[in-house]
Amino acid sequence: MPTPLSSHHAVYVGSFDPLTLGHVDIIRRGSIIFDRLTVGIGINPDKNPLFTPEERLSLTRSVLASLKNVEVRCFEGLTVEFIRQCGARVLLRGVRTLSDIETEFTMTLANRALDPEIDTLFLMASERYTHVSSTLIKQIAQLAVGSAAGKLNEFVPAEVIEPLLLKYNRHQYSK
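Numbering (the numbering used here), first residue to last: 1439 to 1613.
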């Protein structure tokens, strides 16, 4: 007999390459709504991420250490299978723009077809993070110098800045 899924436990998945303040905002808010929140770092062998799974796991755990009801794990495969392995019944998703909503709607329908017991809950991004994306952050880290690189603290947690800049051989930045 399958283990029952908990409505008090949600899973928030993404590549988190890198983890942004927008991600952290959704995670913090989700940790207030749910008794347990699992952050799932997806490993897609077809993608070429900036950070290794181990680096993403370590950075994310470091940033979220103060949230006692949040655990961070890596996973491969289908999101709904990972959610079920976690014993959760809810997939938490953040949406920033109308185009996000369209994409998420399609994914929700597919996930529903794969596992009708798992529901998706959407949280709107806080206004100050609607423009923040991992792609934008990578561009800033790669191209910015001096004080512009120091502005990364407006987009990513402090723990992420130095490892991010090191990936692009930007050893120093202005805080």
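Since the hints were derived computationally from the structure, they do not count as laboratory data.
These numbers come from a predicted model, not from an experiment.
Hints are supplied without guarantee of correctness; some may be wrong.
With a straight-line Cα cutoff of 25 Å, these simulated DMTMM-like cross-link-like pairs (lysine to aspartate or glutamate) come out [what the hints assert, rightly or not]: (1) Lys1576 to Asp1473; (2) Lys1485 to Glu1597; (3) Lys1605 to Asp1484.
Verification of the supplied hints:
1. For the proposed pair Lys1576 and Asp1473, the alpha carbon gap of about 33 Å is over 25 Å, so the pair is violated.
2. About 24 Å separates the Cα atoms of Lys1485 and Glu1597, which keeps this hinted pair within 25 Å; it holds.
3. For the given pair, Lys1605 sits about 20 Å from Asp1484 by alpha-carbon distance, which is consistent with the 25 Å threshold.
Violated hint for the displayed structure: number 1, the only one.
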